[in-house]
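The chain contents come next:
There are 4 protein chains.
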Amino acid sequence: MTFELPIQVFWEDTDAGGIVYYANYLCFFERARTNWLRSLGISQRQLKESIGGMFVVSKCAIQYLHPARIEDELIVSATLQAASAAQLTIAQQARRRGANGAASELLCQSTVHLAWVNAVTLRPARIPGYLIEKMRS
Amino acid sequence: MTFELPIQVFWEDTDAGGIVYYANYLCFFERARTNWLRSLGISQRQLKESIGGMFVVSKCAIQYLHPARIEDELIVSATLQAASAAQLTIAQQARRRGANGAASELLCQSTVHLAWVNAVTLRPARIPGYLIEKMRS
Amino acid sequence: MTFELPIQVFWEDTDAGGIVYYANYLCFFERARTNWLRSLGISQRQLKESIGGMFVVSKCAIQYLHPARIEDELIVSATLQAASAAQLTIAQQARRRGANGAASELLCQSTVHLAWVNAVTLRPARIPGYLIEKMRS
Amino acid sequence: MTFELPIQVFWEDTDAGGIVYYANYLCFFERARTNWLRSLGISQRQLKESIGGMFVVSKCAIQYLHPARIEDELIVSATLQAASAAQLTIAQQARRRGANGAASELLCQSTVHLAWVNAVTLRPARIPGYLIEKMRS
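If you're matching them up, the sequences are chains A, B, C and D in order.
Under the working numbering, read the first sequence as residues 9 to 145, first letter to last.
Under the working numbering, read the second sequence as residues 9 to 145, first letter to last.
Under the working numbering, read the third sequence as residues 9 to 145, first letter to last.
Under the working numbering, read the fourth sequence as residues 9 to 145, first letter to last.
Derived by calculation from the structure, the hints in this document are not laboratory data.
Worth double-checking, as some hints may not be accurate.
One copy or two, it doesn't matter: identical chains are merged, so the pair holds either way.
Below 20 Å or equal to it, Euclidean Cα-Cα: the simulated EDC-like pairs (lysine to aspartate or glutamate) are [what the hints assert, rightly or not]: (1) K67 <-> E113; (2) K56 <-> E141; (3) K142 <-> E12; (4) K142 <-> D80; (5) K56 <-> D80; (6) K56 <-> E12; (7) K142 <-> E81; (8) K56 <-> E113; (9) K56 <-> E81; (10) K67 <-> E57; (11) K67 <-> E81; (12) K67 <-> E141; (13) K142 <-> E113; (14) K56 <-> E79; (15) K67 <-> E79.
Given the sequences, and given the hints that come with them, work out the whole structure.
See below:
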């Protein structure tokens, strides 16, 4: 079950090397995670306001294979690999969008680990069980 | 009374045109305002936590005169022009740092208007009088 | 003739005040201008590579009326107001997307002036006539 | 031999969670690498203009241990771990600046791999030998 989000590369995403700045792939990956959660009916804003918790990235590993340039269109994906009360493991890819609209050449990939914290104290806590159930279903 | 902050241009600040991306001057100007306030003993983090209010930009006008490039060193300034309970008016400039270390060629300038809001409701409120007094002294 | 682009607010767009950071509206406005140009068949990447020129913002004025928050959906617009060989004047707005999908509450608006420069020397030049014709048609 | 750069957290670096947005540590790490290179007399802008090459990140792994908040002062470090013609390996840390001005609590750490590409074709190439010599000396 892979969630895919089309993302267009704008001037803001590039640097003077003419390519997408390396930190910005983490923004792209986060957008895909956010919309994957929304597709499951999970609003991070509501979680923060109602139960006072939020996801934070605890760890990630990123490989940069090919550069993206301005006006490129990407397909950015998020795939849940593992979910426990302690952490989520999500595989993510940014691929160039091919002529047929589907994802083609792999540009960047990452494995991202998410933990859960109290939104006020920022202390680690267990990921609420009903969120994990929604993700697994 | 002009506050000046040296700012170095990094890859993250530039775009594929090879120059500093236009939105990023607003970041530079905000850094100068933050450190001008800190030089007066005003911590925005403490204000938010203690009295539950914060400054927001209500209006600004920006002129871009010359581009900055990677590894340029800038002097970014903030000068209070007017202060009332309703708003602050701050003149800001980004100049290239000359060989002697002082600000030289003017690259970008802005007039920024700040208002005050309740940090929770985001409703406009009067700027606390003791902040204005600190700024005027 | 107004071009409209839907833009979703992600974590990256917000700051610790809980609202969209003021510089990021300039990114949103630039995305709308880019896609307005693309809707006219104008690719800024191709212009830079083929005729060695690019648009730069020479001036803008921005009003911030209401804050946007994470997961808000915006409609960001670009409307050409004037076009000469020296500069383009573009009116831009960011509105919250209403329940019916159309633009509602006005959050931020700007008038943006664009000039044209040689992409290597960064020297000002006349905007190519055929671009202006495409924009006017 | 560790290079250290003090970095202050500004509004732009934070998100609505009240903490530094996870992608922004990659900006901080890049700033430290840039100034480490400059401390060795290596200007990336000059390299791009004179020999037409540039460093790109090929891989990195990041651990997020504790969050940073607005107005925090960080010490961000870069330590060369290995250098070959194919890649540089650099260990990086972001620590909170303690009361004595020295780096204290570890917030985020990363191992970053850099490769070298032709700045026009973006094709991988060998890292120039004299750069590696400067780094090793």
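Now for the hints, and whether the structure bears them out:
no.: 1; hint: K67 <-> E113; result: between (25 Å within a copy, 17 Å between copies)
no.: 2; hint: K56 <-> E141; result: within (19 Å within a copy, 37 Å between copies)
no.: 3; hint: K142 <-> E12; result: within (18 Å within a copy, 34 Å between copies)
no.: 4; hint: K142 <-> D80; result: neither (33 Å within a copy, 23 Å between copies)
no.: 5; hint: K56 <-> D80; result: between (34 Å within a copy, 15 Å between copies)
no.: 6; hint: K56 <-> E12; result: neither (25 Å within a copy, 31 Å between copies)
no.: 7; hint: K142 <-> E81; result: neither (30 Å within a copy, 24 Å between copies)
no.: 8; hint: K56 <-> E113; result: neither (36 Å within a copy, 24 Å between copies)
no.: 9; hint: K56 <-> E81; result: between (32 Å within a copy, 18 Å between copies)
no.: 10; hint: K67 <-> E57; result: neither (25 Å within a copy, 29 Å between copies)
no.: 11; hint: K67 <-> E81; result: neither (27 Å within a copy, 22 Å between copies)
no.: 12; hint: K67 <-> E141; result: neither (23 Å within a copy, 33 Å between copies)
no.: 13; hint: K142 <-> E113; result: neither (31 Å within a copy, 33 Å between copies)
no.: 14; hint: K56 <-> E79; result: between (34 Å within a copy, 12 Å between copies)
no.: 15; hint: K67 <-> E79; result: neither (30 Å within a copy, 24 Å between copies)
Consistency with the previously given hints fails for numbers 4, 6, 7, 8, 10, 11, 12, 13 and 15, ordered from lowest to highest.
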